Amino acid sequence: MNWLKQLFARRRLYRELSEEIQSHLDEKVEELVADGMPREEAMQSARREFGNVGLIEENSREVWTWPSVEEFFFDVRYGLRGMRRNPVFTTVALLTVAIGIAANAAVFTVVNSVLLKPLNYPKAEELVSLHQIAPGAEGLADFESGLLLSPSMYFTYAEHNQTFQSLGVWIPGTANVTGLAEPEQVRTVAVSDGVLQTLGVPPAVGRWFSQVDQVPNAPGSVMLSYGYWRGRFGGDRAVIGRNIMVDSQPREIVGVMPPGFRFVDSEFDLTAPLAFDRGKLILAGFGFHGIARLKPGRTIAEANADISRMLPIWMDSWSNGPGSNPHIYETWKITPTIRPLKQEVIGNVGELLWVVMGTIGVVMLIACANVTNLLMVRVEARQQELAVRTALGAGWTRIVTGLLIESVMLGLIGGVLGVGLAYAGVRFLVAIGPSNLPRLNEIAIDARTLGFTFILSLLSGLLFGLIPALKYAQPGTGSALQSAGRTISVSRERHGARNLLVVGQVAMALVLLICAGLMIRTFAALRKVDPGFAEPQHLQVMRISIPDLLITEPERVTRTQNAILDKLAATQGVKSAGFASDMPMEGFDSDWDEIFAKDKVYSGDLIAPLRLYKNISPGFLQTAGTRLVAGREMTWSEVYALRPVVMVSENLAREMWGTPSAAIGKYLREYSNMPWHEVIGVIQDVREKGLQEKAPEIVYWPPLVQNRFAPAVRTTTFVIRSERAATESFMNEVRAAVWSVNSNLPLASMRTMEEVYDKSIARISFTLVMLGIAGAMALALGIIGIYGVMSYTVSQRKREIGIRLALGAQSGNVLQMVLKQGAKLTLVGVAIGIGAAFGLTRLMTHLLFGVAAHDPLTFVAVAALLLLIALLACYIPARRAALVNPMVALRCE
Amino acid sequence: MKKTVKRDLFPGALEMMILRMLKRQPTHGYALVQQIKRTSQDLLVIEEGSLYPALQRLLKEEFVKAEWDISPANRRVRIYKLTAAGAKHLEREVSTFERMLEGITRVLAPEGS
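As you go down the protein sequences, you meet chains A and B in turn. Taking my numbering, the leading residue of the first sequence gets 397, the next gets one more, and so forth. Taking my numbering, the leading residue of the second sequence gets 7, the next gets one more, and so forth.
Please keep in mind that the hints were generated in silico from the structure rather than gathered at the bench.
Cut-off 16 Å, straight-line C-alpha distance, at most; resulting in silico cross-link-like pairs (EDC-like, lysine to aspartate or glutamate):
no.	chain 1	residue 1	chain 2	residue 2
1	B	K66	A	E412
2	B	K43	A	E445
3	B	K71	A	E412
No experiment lies behind these values; they were computed from the predicted model shown.
Okay, chain A solo, but in the shape it has when bound (with noise of 0.2 Å):
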């Protein structure tokens, strides 16, 4: 207990020790005196011989603390007084310090959350995609999501490999469930044996599918999800063994899944079994996403090879029926490319994030550069006060020391306030946040992005004290107490530092305001692609989807769509109405077919080349403003006699015709034994995947053909061009429409095809607003930077531009003198960013469109307007200098 004692021992001792030293001093004196010395002389011999009263007394109560804990304490207690004692200062530097922060910590927590934290499933890194990719296939190589998996493959795929714990297929889908309340569309996920299993995920009521669900024509059994589970059943766990209607079928309820699951990235609100039925399977069927869990130390590379291995086992073991050649595939060069399902989520929009974090980080240093700026005024002034510290006995690195506390408080205070912003940072990246962004209902502040905000203050305020501190609080400060109150100029070195700064931050500001432009060069060029739609503010969409079990017979269920059309027409204000199987850039999978022409021959070992393929309604390019490029439509006439007609994208007639009028006439079919259909039509081409990527060649099928799998297609889009689309009235009137034709028919997703156009260009835009408040904020802080320095300058250098005014200068060569600094700071900041930048933008490529990451016009455009905004800042003080009177500017001295 020895230190609790001197802990209340050591005012007494130290009391004792000033007394101590107070009497050896006096002793000194005395004997001096004795010897003949004047008082006065002899108190200064004294003090002198003694040394730094102060600091002796400090060092030799050291020696009873704990010297650093306390110095420390006594640091913060008066860095917070010097804080309250200037609360401008403190308000802007912490002003700035906290948007910073909130920025950064705000798209971390997007960057966390999205790309660093491992999924929500058990071992997440255990997890693949089986992606594969078939570079030989024609048609289909074009295409980022490549050759999704066939049953067949699953099944060989489950049963051959070596490299896998477990392994099954997934298809996300709609259906529709009625019984319950009004009918409704809901989002299905129908999963083979083995996808549970593979995500590990326990079901949170209940039990996941065994491989009794799976057994072809079992009774239908269903897993819910836990939001639909407590929207449609509050909660209640007495709805298991419970039978609901899944597309006129009655299914038994098994299992709920607990909050928050999700099949990869897909949100759904039913699962249900593939129950594929094995006997009938082929080769061919490509439509299913697999996803697997590695055994425990295997690698990709190991189950890339297991998968080549099992490919040709898959080819001998199916057909695609009596007479065809099984290895037909080994001209598609299938490749088995598995990746961490943690990529398949995240996908590509990870360079989209880290191109945001960069700018906002580069936000950040332009602030913390501001901030030095500040805190180099304020030392300066403080001069006075450290040389008197400094003279008292503070040694420098304990002047350093006090003024790094200082600056790191104030990164830290700033950080504080930081996270409170950055919450509601996040809350709008959330909502401006691409809606399609993966991963989108996780993001949230976490352990790890607090302890990124706790780190990047501390940074900060190391990095923004440091060259103050450095600067200022050097040994010898002891002139600044001769000078006291005089304004001296000010050395040029410390010149150099601000300017240095400047500099630094002009060329940051340029680099964000260029990407920015790029940016909003790519937004300009993607507003100006034609579609393959008109006016998409006025085309109300929606989905409906006729079951099987609902209407069996093909024939009716286009009459009944006919009927829907009809109508639909008939309501107030609609122009038109058509449909499809689906619009463009609503994000569905496609549907691919083998096309051949009558007038091409094809070899018989190969594939014809695949393409996508649509059913469209008479009726529908007029409505949704689709242009027709030559040839006509078909009739609904022609519909229902089942007429071979069909219609092609304009790309698809020139590859195979040359020219879209040589196209009518002409015959192409699908599959090699289906009739001929007669080409008709062509359409223009449509932006089928987004505006960014290139319109695929498509096949345009009547809504009713003659084809032994699907005769009529069933889910549709339906387009409804009306001013009055989108206004909930307009939208009770469609319902209404529709149910007067069958009451058992649910609309889904109904929404303006001007909401599918913006999301489709949902991640250019959020990466527009993102790097246009980054730049707004730069820009801001860069100029804020150029007239805080430019002004001080001007402010310092009062008496010399009296002088000059007084010895005869006219008030137009101070004005140019101080702008012409200003410029030259600013130039030489253009020059560094514009080289910057051109290293830079390089990395964002991939962001851009319809625009060189090196487009000449955005640098010179963006260089010309931060050179004029910056000059604008230097005009306010070069004013205030040119307008000096030399007479005050000499006195106030």
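Once you have looked at the hints, place chain B on chain A.
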């Protein structure tokens, strides 16, 4: 006037000398400085103030103890006294120092001797 040693003392040297002086007789701070100066025949000039942190360190280690008293010059002063632990510490320090000094001397000795 003799040349004085301008160089800093090595750490612990001052403490060692203080203990040595106190071994001779208990005394107060000012007298200690004078004694060290006198005994070193002005070869060592120590900054007078630096004595006090050293004294505090010794107090804390309990190598010395201090009591207020009246000096011969009728002045209230703090008299420092060597403790048993201090005496032992001094012995150790001196023997360490002598070994070090001998080592340094040997190294610095002129060649051939």
